[in-house]
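In case you want the letters, here they are:
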Amino acid sequence: SQWGEENLQALSIQEGEDVTMNCSYKTYTTVVHWYRQDSGRGPALIILIRSNEREKRSGRLRATLDTSSQSSSLSITAAQCEDTAVYFCATDDNNNRIFFGDGTQLVVKP
Amino acid sequence: GGIITQTPKFLIGQEGQKLTLKCQQNFNHDTMYWYRQDSGKGLRLIYYSITENDLQKGDLSEGYDASREKKSSFSLTVTSAQKNEMAVFLCASSSDRGGQDTQYFGPGTRLLVL
Numbered sequence: 018s019q020w021g022e023e024n025l026q027a028l029s030i031q032e033g034e035d036v037t038m039n040c041s042y043k044t045y046t047t048v049v050h051w052y053r054q055d056s057g058r059g060p061a062l063i064i065l066i067r068s069n070e071r072e073k074r075s076g077r078l079r080a081t082l083d084t085s086s087q088s089s090s091l092s093i094t095a096a097q098c099e100d101t102a103v104y105f106c107a108t109d110d111n112n113n114r115i116f117f118g119d120g121t122q123l124v125v126k127p
Numbered sequence: 321g322g323i324i325t326q327t328p329k330f331l332i333g334q335e336g337q338k339l340t341l342k343c344q345q346n347f348n349h350d351t352m353y354w355y356r357q358d359s360g361k362g363l364r365l366i367y368y369s370i371t372e373n374d375l376q377k378g379d380l381s382e383g384y385d386a387s388r389e390k391k392s393s394f395s396l397t398v399t400s401a402q403k404n405e406m407a408v409f410l411c412a413s414s415s416d417r418g419g420q421d422t423q424y425f426g427p428g429t430r431l432l433v434l
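Listed in order, the protein sequences are those of chains S and F.
The opening residue of the first sequence carries number 18 in this note's numbering; numbering runs sequentially from there.
The opening residue of the second sequence carries number 321 in this note's numbering; numbering runs sequentially from there.
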């Protein structure tokens with residue numbers, strides 16, 4: 018398997034808190050994708066960070082990538098109820114396919 | 321922007337039945353994918369196609385067939401549905417950079433086998 022962590026993890030936080038989700042992967046990748054999946058819908062890309070980037074921001078989202086430790090993180094600042102979703106990280110094999118982790122179920126409570 | 325359409329939205333089948341799922345995209349993307357998602361799990365790749373009439377097996381291809389009849393459409397066939405099987409099948413498309421670029425997903429087909 019591409020991933021170190023295989024089981025869906027769950028996080029529950031209060032609105033306004035900051036949260037960080039982590040991923041570790043086993044083999045070399047040129048890019049880490051972070052997707053968000055709302056209930057009953059397909060995943061949607063929220064941040065894509067390439068191997069030559071250490072950090073990438075998009076609004077309240079911040080992704081980091083450490084290629085030496087083969088890990089990536091996604092942080093959400095001042096989480097809101099609408100951030101409730103499953104968040105997946107995924108890596109590519111440089112051959113048209115990407116591998117998804119099992120994801121983190123984030124629940125943001127009002 | 322484009323859109324990915326999957327039909328049907330819900331599919332109920334009988335054990336042993338052959339079932340076909342369809343996917344259409346209007347992004348004009350070269351690469352299309354079929355994933356299976358089980359409850360509480362990530363996405364597992366069944367088949368992908370990098371161009372019309374091309375097929376590449378993923379990690380979960382056994383028990384499935386696929387067909388890329390034209391650039392905009394990619395269908396998946398469950399060759400023999402397994403009793404009590406329940407999963408969501410997701411179709412995606414991407415530019416020719418494949419894994420290094422965004423994958424756009426459809427809403428999924430929910431399968432239940434009785």
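It is worth saying that the hints were derived from the structure and are not from the lab.
This structure is a prediction, so every number in the text was calculated from the model and none was measured.
Virtual Cβ for every residue (Gly too), placed ideally from N, Cα, C.
Any given hint could turn out to be false.
Computed footprint of chain F on chain S; a stretch qualifies when at least three of its residues, placed anywhere within it, have a C-beta under 8 Å from a C-beta of chain F [stated by the list, open to error]:
{"id": "1", "region": "53-66"}
{"id": "2", "region": "75-82"}
{"id": "3", "region": "91-101"}
Computed Cβ-Cβ distance ranges for the label pairs, DEER-style [said to hold, decoys possible]:
{"id": "4", "chain 1": "F", "residue 1": "390", "chain 2": "S", "residue 2": "30", "range": "32 to 38 Å"}
{"id": "5", "chain 1": "F", "residue 1": "406", "chain 2": "S", "residue 2": "39", "range": "43 to 49 Å"}
{"id": "6", "chain 1": "F", "residue 1": "389", "chain 2": "S", "residue 2": "37", "range": "33 to 39 Å"}
{"id": "7", "chain 1": "F", "residue 1": "415", "chain 2": "S", "residue 2": "33", "range": "36 to 42 Å"}
{"id": "8", "chain 1": "S", "residue 1": "26", "chain 2": "F", "residue 2": "415", "range": "40 to 46 Å"}
{"id": "9", "chain 1": "S", "residue 1": "85", "chain 2": "F", "residue 2": "400", "range": "45 to 51 Å"}
{"id": "10", "chain 1": "F", "residue 1": "337", "chain 2": "S", "residue 2": "34", "range": "43 to 49 Å"}
{"id": "11", "chain 1": "S", "residue 1": "39", "chain 2": "F", "residue 2": "399", "range": "17 to 23 Å"}
{"id": "12", "chain 1": "S", "residue 1": "76", "chain 2": "F", "residue 2": "325", "range": "25 to 31 Å"}
{"id": "13", "chain 1": "S", "residue 1": "43", "chain 2": "F", "residue 2": "359", "range": "20 to 26 Å"}
{"id": "14", "chain 1": "S", "residue 1": "85", "chain 2": "F", "residue 2": "325", "range": "28 to 34 Å"}
{"id": "15", "chain 1": "F", "residue 1": "432", "chain 2": "S", "residue 2": "110", "range": "30 to 36 Å"}
Below 27 Å or equal to it, Euclidean Cα-Cα: the simulated DSS-like pairs (lysine-lysine) are [stated by the list, open to error]:
{"id": "16", "chain 1": "F", "residue 1": "361", "chain 2": "F", "residue 2": "377"}
{"id": "17", "chain 1": "F", "residue 1": "403", "chain 2": "F", "residue 2": "342"}
{"id": "18", "chain 1": "S", "residue 1": "126", "chain 2": "F", "residue 2": "403"}
{"id": "19", "chain 1": "F", "residue 1": "391", "chain 2": "F", "residue 2": "342"}
{"id": "20", "chain 1": "F", "residue 1": "361", "chain 2": "F", "residue 2": "403"}
{"id": "21", "chain 1": "S", "residue 1": "43", "chain 2": "F", "residue 2": "377"}
{"id": "22", "chain 1": "F", "residue 1": "329", "chain 2": "F", "residue 2": "390"}
{"id": "23", "chain 1": "F", "residue 1": "403", "chain 2": "S", "residue 2": "43"}
Verdict for residue 26 of chain S, residue 415 of chain F (Cβ pair) under range 40 to 46 Å: violated, 31 Å
Taking 20 to 26 Å as the stated bounds, is the beta-carbon spacing between residue 43 of chain S and residue 359 of chain F within them? holds, 24 Å
Starting from residue 126 of chain S, check that the Cα of residue 403 of chain F is at most 27 Å away, please. Judged against 27 Å, a Cα distance of about 38 Å means the pair is violated.
Starting from the range 30 to 36 Å, see whether the pair residue 432 of chain F and residue 110 of chain S falls in it by beta-carbon distance. holds, 32 Å
Under the criterion that the straight-line Cα-Cα distance not exceed 27 Å, is the pair residue 361 of chain F, residue 377 of chain F satisfied? holds, 20 Å
With a cut-off of 8 Å between beta carbons, are at least three residues of the region 91-101 of chain S near chain F? violated (count 0)
Can the region 75-82 of chain S be counted as covered by chain F under the rule of three residues or more with Cβ-Cβ separation shorter than 8 Å? violated (count 0)
Please verify the coverage claim for the region 53-66 of chain S: does it have three or more residues whose C-beta sits within 8 Å of some C-beta in chain F? With 7 residues closer than 8 Å to chain F, the region 53-66 of chain S meets the three-residue bar; holds.
Please work out if residue 361 of chain F and residue 403 of chain F have their alpha carbons no farther apart than 27 Å. With a Cα-Cα distance of about 20 Å, the restraint between residue 361 of chain F and residue 403 of chain F holds, given a limit of 27 Å.
Verdict for residue 85 of chain S, residue 400 of chain F (Cβ pair) under range 45 to 51 Å: holds, 46 Å
Satisfaction of the hinted span 43 to 49 Å by the C-beta atoms belonging to residue 337 of chain F and residue 34 of chain S: Once the Cβ atoms are compared, 48 Å apart, the range 43 to 49 Å for residue 34 of chain S and residue 337 of chain F holds.
Look at the Cβ atoms of residue 39 of chain S and residue 399 of chain F and judge whether their distance stays inside 17 to 23 Å. violated, 38 Å
Checked against the numbered hints given earlier, the structure breaks hints 2, 3, 4, 5, 6, 8, 11, 14, 18, 23 and satisfies all the rest.
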